[in-house]
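Chains as they are written, first to last, in the working numbering: chain A, 161 to 557; chain B, 161 to 557.
Hints were generated in silico from the structure; no laboratory data involved.
Ideal placement from N, C-alpha and C gives every residue a C-beta, glycine not left out.
Treat the hints with care, as some may be off.
[Unchecked claim] If the Cβ cut is set under 8 Å, some of the chain B residues that face chain A in the computed set are:
1. 191
2. 192
3. 217
4. 402
5. 430
[What the hints assert, rightly or not] Which chain B residues stay away from chain A? Per the calculated CB distances, all over 12 Å, these:
6. 187
7. 189
8. 307
9. 308
10. 355
11. 378
12. 401
13. 445
14. 463
15. 470
16. 481
17. 489
[Claimed, not checked] Non-contacting residues of chain A with respect to chain B, defined by C-beta distances greater than 10 Å in every case (computed):
18. 205
19. 236
20. 245
21. 258
22. 277
23. 282
24. 289
25. 402
26. 409
27. 431
28. 455
29. 527
Protein chains: 2
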Amino acid sequence: MTDFAATKAMFDLPEGVIYLDGNSLGPLPKSAGARVQRMLTDEWGQMLITGWNKAGWMALPTALGDRIGRLIGAEPGSVVTGDTLSIKVYQAVASALDLNPDRKVVLSDNGNFPSDLYMADGLLRSLGDAYELRVVDPEAVAGAITEEVAVLLLTEVDYRSGRMHDMKALTELAHANGVVTVWDLAHSAGAIPVDLSGCNADFAVGCTYKYLNGGPGAPAFIYVAPRLAERTRPALSGWLGHEAPFAFDLDYRPGSGIERMRVGTPPIIQMTALSAAMDIWDLAVMTDVRAKSIELTELFIERVEATCPDLQLASPRDPQQRGSQISFRFKEGYAAMQALIARGVIGDFRAPDIMRFGFTPLYIDECDIERAVGIMADIMQNRLWDTPEYRIRQRVT
Amino acid sequence: MTDFAATKAMFDLPEGVIYLDGNSLGPLPKSAGARVQRMLTDEWGQMLITGWNKAGWMALPTALGDRIGRLIGAEPGSVVTGDTLSIKVYQAVASALDLNPDRKVVLSDNGNFPSDLYMADGLLRSLGDAYELRVVDPEAVAGAITEEVAVLLLTEVDYRSGRMHDMKALTELAHANGVVTVWDLAHSAGAIPVDLSGCNADFAVGCTYKYLNGGPGAPAFIYVAPRLAERTRPALSGWLGHEAPFAFDLDYRPGSGIERMRVGTPPIIQMTALSAAMDIWDLAVMTDVRAKSIELTELFIERVEATCPDLQLASPRDPQQRGSQISFRFKEGYAAMQALIARGVIGDFRAPDIMRFGFTPLYIDECDIERAVGIMADIMQNRLWDTPEYRIRQRVT
């Protein structure tokens, strides 16, 4: 059993704050400061260039990949970290297209995170007019999987509502139609159990600064199914994906397996902070995290609906149909969220009217939920959001 | 005048080490540790998601870009940091090709850093058989600039020999032939004065972990000439390059100017370490750095040639023709470099026979050079490199 009291004690959370935005940026692991300090002083400072070997920096992208892999049902040696999620989406879609060269359609849905669509669009524009990015409603995806489609690009958990796609069923349907799949796990990794291997997924990508708590701008990850890894031609063919980077050959030869999905020099300071976060994840079992997450979200919905009748649930009511977040619609959601934040309850707002709350059992418990809903009820019942100050929109991530 | 004694005191260099490998990975600025610690604890830890605005994280990529821009003759607002150099090469070449749609040839030279060629090759392969990466000898570049060429992709300073291309003359010749230029400044930024604006350069890219001392895996940068910025269609069209990232529109609309070259979420911890390094650079004048670098390299060549006759100069003898590094050829260069490193003189080795030394006036002075050459002379004159231990090749960056 995962000891959630123990994991909660491993995070540095500000006094008086109930943090329900770990689906946007996870909090600071207490050990990250000392760990990064040691890396700076003892590794970069003392080892200098030799840190690449002596301190194991060069192996960090795959070592971290394997630790993340355990949480998403990936085989050892099938995940590597690096770059940003947008770049990894590009790399995955380009590689997937390359495996299906006779088809020109990338299928996605309008519940996907916009950057995934932007990156796919940028890629397809560069490939020419024959290519098409086809974007349908989330409910229409299954019906749109045809033999015309080269690549299915989906985010498993909708970033606004938390609605989940059925990865196993859609992957099966895709394969039956000769379609290669790319799954974005931004709101899945560390949020829900994922079984890439069991779902027979082809490519998957994700970020590590949300549920995985790697810190602002922490590196992304990419998964390639072992059965495809040696056939994949990486579109972003950088030197650290080369078979022999330090031979400095003029010709590119892809490295073995997942190594070829590496591109440039990895961000070692970020990866060190991520390592501190993964130390906590190493203590967690995803089925425990999921069970606890469902308890927390069920409690939250029940209490909010009982005390804040103006808020309308925007997430699926069935916990099996949603990830680890709950969204409510409210016309003045922006102002209401500002009022909540001012009182220490941090969630976020997504246009046009979504108030979004993330549930992260590693550091959020029932008491937090009760306190948060108490504050929410006060704000909603007394219209405390209705001030000019809270109505002014600012740029918020 | 730049006070090099003062800047030297701002770096943490290990006792007994003479570090002549700052062209590969710069050393740790003394202030980086506390600075990163503060960012972790006070910003990430306390501000959590609100750090993106409150702590100015979202503006860091362009703020750092402007500080780097001063060192490379770039107009304010024309440089942005992010990603890795390989990714920025891809982005620049793809954008440059897009500005020259009727031509299909990217011209480069075999003195370019291999990853630049790999990335260009990967891009062109994805665009189809009509495209060609044409790689000539460095001396043949000028003659190969024809009206068939779409993009000229060159690294200004050769990573092995330090030989420099004439950026101004080649850019002029390129423009006279309708060719768009991409300059890689990996071994230029912080090494030599660069005048992108004065050279009328189109695109430039570079990294910040070498002469700029940003730390292992520090972000790259990209420059787009202001006259081109609004016409550039970024191939890697990520959400943070969008006109309104937080509107979460489904369609991509490029942001204004250099902002559109941003892609994904920026690595804030790395950027904080880079900020510490840029605090030191803010005290430096590039013409002073260049004058001092020439003094150091001239002294080094003179003393090595006087004491180590087995070493053959591989860098241009004329200081105006080379960057801030000196390379010597020696058949047993790998073993000799291992012997030097064991004695605290850190340079590096590049196959097949190049012993490479970087000169970085911010923290290397004449006394360091005299001491380094003393040790070198001892090793060479007494064949101290000739041991089985030093002859075993390991992977070294």
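Each hint, compared with the structure:
1. The beta carbon of residue 191/B is not positioned within 8 Å of any beta carbon in chain A (closest approach about 11 Å), and the interface hint is therefore violated.
2. Interface hint at residue 192/B: satisfied, since its Cβ lies 6 Å from the closest Cβ of chain A, which is below the 8 Å cut-off.
3. At its closest, the beta carbon of residue 217/B sits 6 Å from a beta carbon of chain A; the interface hint therefore holds under the 8 Å criterion.
4. Hint status for residue 402/B: holds, given a least beta-carbon distance of 7 Å to chain A, under 8 Å.
5. About 5 Å separates the beta-carbon of residue 430/B from the nearest beta-carbon of chain A, less than 8 Å, and the hint is met.
6. Annotated as non-interface, residue 187/B brings its C-beta within 12 Å of a C-beta of chain A; the closest such distance is 6 Å.
7. Not every Cβ of chain A is farther than 12 Å from the Cβ of residue 189/B; the closest lies at roughly 10 Å, contradicting the non-interface assignment.
8. The beta carbon of residue 307/B sits about 23 Å from the closest Cβ of chain A, which is more than 12 Å, so the claim that it is off the interface holds.
9. The beta carbon of residue 308/B is kept farther than 12 Å from every beta carbon of chain A, the shortest such distance being approximately 21 Å.
10. At the 12 Å boundary, the C-beta of residue 355/B stays outside the reach of chain A, the nearest C-beta of that chain being 26 Å off.
11. Chain A draws residue 378/B into its interface by the beta-carbon criterion, the shortest separation being 8 Å against a cut-off of 12 Å.
12. Some Cβ of chain A comes within 12 Å of the Cβ of residue 401/B; the nearest lies about 8 Å off, and the non-interface call is violated.
13. Even its closest Cβ contact with chain A, about 26 Å, leaves residue 445/B beyond 12 Å, as expected for a residue assigned away from the interface.
14. Every C-beta of chain A lies more than 12 Å from that of residue 463/B, the closest at about 23 Å, which supports listing it as non-interface.
15. Residue-level check passed: residue 470/B sits 24 Å from the nearest beta carbon of chain A, beyond 12 Å.
16. Residue-level check passed: residue 481/B sits 22 Å from the nearest beta carbon of chain A, beyond 12 Å.
17. With a least CB separation of 15 Å from chain A, residue 489/B remains clear of the 12 Å interface cut-off, as annotated.
18. Not every Cβ of chain B is farther than 10 Å from the Cβ of residue 205/A; the closest lies at roughly 4 Å, contradicting the non-interface assignment.
19. Under the 10 Å C-beta cut-off, the non-interface status given to residue 236/A relative to chain B holds; the minimum distance is some 22 Å.
20. With a cut of 10 Å on Cβ distances, residue 245/A falls inside the contact zone with chain B, its closest approach being about 6 Å.
21. At roughly 8 Å from the closest C-beta of chain B, the C-beta of residue 258/A falls inside 10 Å, breaking its exclusion from the interface.
22. The beta carbon of residue 277/A is not kept farther than 10 Å from every beta carbon of chain B, the shortest such distance being approximately 6 Å.
23. Against chain B, the non-interface label of residue 282/A is violated: not every CB pair exceeds 10 Å, the least being about 3 Å.
24. The claim that residue 289/A is not at the interface with chain B holds, since no C-beta of that chain comes within 10 Å of its own (minimum 13 Å).
25. With a least beta-carbon separation of about 7 Å from chain B, residue 402/A fails to lie farther than 10 Å from that chain, contradicting its non-interface assignment.
26. The beta carbon of residue 409/A sits about 6 Å from the closest Cβ of chain B, which is not more than 10 Å, so the claim that it is off the interface is violated.
27. Its beta-carbon lying about 7 Å from the closest one in chain B, residue 431/A breaks the requirement of being farther than 10 Å from that chain.
28. Non-interface call for residue 455/A relative to chain B: holds, since the shortest CB-CB distance, roughly 24 Å, exceeds 10 Å.
29. No Cβ of chain B approaches the Cβ of residue 527/A within 10 Å, the least distance being about 19 Å, so the stated non-interface status holds.
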